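In case you want the letters, here they are:
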Amino acid sequence: MRMKLIFLAGVAVLTVSMMAPARPSGGTVSGKITYEGTPAKQKPIDMSKEPTCAKQYTTPVTTETVVAGPNNALENVVVYISAGAPDEGAPSKPAVFTQKGCRYLPHVLAFQVNQELNVLNDDQTSHNIHPLAKINREWNKSQPPGSPPIVDKYDKMEFIPVKCNIHPWMHGTFAVLKNSHFTISGEDGGFALPNLPPGKYTVTAFHESYGDQSQEVTISGSETKTASFTFRAKPY
Amino acid sequence: MGKLFGVILAIIALASAYPIVTHMYVQPVDISTHGHAIDEQLADTMAEAGLSFVLAQLLLAFCVWKFSNRKEGAKVFHLPGGAKLMVVAAFILVGTEVLALDVLGQKAWAEVYFTAPKPDALQIQAQAGQFAFYFRYPGPDGKFGPLHPDKIDEGNQNYFGLDPANDVEARDDIVTAELAIPVNREVHLLMHSKDVGHSFYVRELRIQQDFVPGLDLSLHFTATQTGHFEILCTQLCGLGHYNMKAYLNVLSQEDFDKWMKQKASEQ
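Which chain is which? The protein sequence lines are U and D, in order. When we follow the working numbering, the leftmost residue of the first sequence carries the number 1, and every step to the right adds one. When we follow the working numbering, the leftmost residue of the second sequence carries the number 1, and every step to the right adds one.
Hints were generated in silico from the structure; no laboratory data involved. Hints should not be assumed to be uniformly reliable.
Some chain U residues flagged as far from chain D (calculated, every beta-carbon gap over 12 Å) [said to hold, decoys possible]:
#	residue
1	E88
2	H181
3	A227
Taking lysine-lysine and the DSBU-like style, the derived pairs with C-alpha atoms no more than 30 Å apart in a straight line are [stated by the list, open to error]:
#	chain 1	residue 1	chain 2	residue 2
4	U	K43	D	K245
5	U	K43	D	K151
6	U	K43	D	K84
7	U	K41	D	K261
8	U	K234	D	K143
9	U	K234	D	K263
10	D	K263	U	K100
Partner residues are not named here, just some residues of chain D that face chain U (Cβ under 7 Å, in silico) [said to hold, decoys possible]:
#	residue
11	F131
12	A132
13	E154
14	G155
15	N156
16	P164
17	A165
18	G240
19	Y247
20	N249
21	K263
22	A264
23	E266
Treat the numbers as computed from the prediction; the structure is a model and nothing was measured. All residues carry an ideal CB built from backbone N, CA and C; glycine is no exception.
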């Protein structure tokens, strides 16, 4: 009982400390990612050859190479500071990439150079993850159900397409970045890069199908600057 | 002791023939127009090889029975002609058997491989790649768009390397992971491999054909029963070979048209 109380008190302290507002330590770049034109139709995936995955869905899941939200919002765009911010050491927390229902969760995973990457297999089938690195060392590893996580890291910045050598429809992206100023646009296409010290920055938005775009932004003090990006979508 | 061994040999030979003679192992249902010829050929081969096997074993058992327990110092009995005659006899016997199988079997083989598909056969392209099958239907225009291997983009479900932006014929092509076909209509399957050797095996269709990289092979068949059957890869093609399968879905013409419409709307 006493142990339980101590534990609960610990959790409470932790929760309060996490809820406390972070000290404003600089400016913010925020904005919205949108597209113009007609994006490619996302096709349903037939997983019938892998029944343990197929049965996890009542309606077939679709491809995720272009995920569009309401009002032409574009999801899964990596927004990061490509110039102006110093390179940073890797955080100790690993980046986690999960194989579940024969899909990659999240579809786009951003993490830092030399940060530990953990790949999990939550499925009842074997996967063979194959990140198609060109600048970093390329590898592919088999992971039967119940295997421990695959642990690796990348020592250079790169956007790496990821595929499964057993399930051709599985597809994802690793974004290996040099500093901690990055985010991924959500359903509404919105993003925010907070805690930027005063300075001149290049903000870059990367989309796996549409490539990248950059803008210069100058931050002085704790202001919020807006930088929005519009990608040109093609039906094919 | 020698006589007992002869008896055991005869029992083993007859016991192993029993399940085959009594058809203890039931064959999978045959859903193709040519399957009966394959089945007859298999039965003929089994009869011929089985009979030779049982006769040879019984002869062996007889010799063990008859010539065992030789007394000390007794004269050794030789068949006339010696080893040379035995070799010649073996060549003639085995040669006749192989030739007989060829002559009997050529009809079944020719029915599958040496006849052309009818001009109105439904053309479907089958692509094997590590470790899945994908199928392509030409769509309403009846034409397959050209393939561009550099355009293959599996994350985007472009398994064949189509370029709908530039190739008008590719725009209505229908790509699926299952092979749906109408019942009682001839299908002309155009086979190509994306990477290594694979095989297309549907036991109910009595068809097993390799995919050979770099070769455009084709098959034609007519399914006579509706149902859901497994398509398996039977060439060891790599790590995921055990998992390389797809489904053959034989539908009534009406259901097939519905299925086609549904798939076309998904492209």
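Against the structure, the hints:
{"no.": "1", "hint": "E88", "verdict": "holds, 30 Å"}
{"no.": "2", "hint": "H181", "verdict": "holds, 27 Å"}
{"no.": "3", "hint": "A227", "verdict": "holds, 28 Å"}
{"no.": "4", "hint": "U/K43 with D/K245", "verdict": "holds, 21 Å"}
{"no.": "5", "hint": "U/K43 with D/K151", "verdict": "holds, 17 Å"}
{"no.": "6", "hint": "U/K43 with D/K84", "verdict": "violated, 70 Å"}
{"no.": "7", "hint": "U/K41 with D/K261", "verdict": "holds, 17 Å"}
{"no.": "8", "hint": "U/K234 with D/K143", "verdict": "holds, 24 Å"}
{"no.": "9", "hint": "U/K234 with D/K263", "verdict": "holds, 22 Å"}
{"no.": "10", "hint": "D/K263 with U/K100", "verdict": "holds, 26 Å"}
{"no.": "11", "hint": "F131", "verdict": "holds, 5 Å"}
{"no.": "12", "hint": "A132", "verdict": "holds, 5 Å"}
{"no.": "13", "hint": "E154", "verdict": "holds, 4 Å"}
{"no.": "14", "hint": "G155", "verdict": "holds, 3 Å"}
{"no.": "15", "hint": "N156", "verdict": "holds, 5 Å"}
{"no.": "16", "hint": "P164", "verdict": "holds, 5 Å"}
{"no.": "17", "hint": "A165", "verdict": "holds, 4 Å"}
{"no.": "18", "hint": "G240", "verdict": "holds, 4 Å"}
{"no.": "19", "hint": "Y247", "verdict": "holds, 6 Å"}
{"no.": "20", "hint": "N249", "verdict": "violated, 10 Å"}
{"no.": "21", "hint": "K263", "verdict": "violated, 10 Å"}
{"no.": "22", "hint": "A264", "verdict": "violated, 12 Å"}
{"no.": "23", "hint": "E266", "verdict": "holds, 5 Å"}
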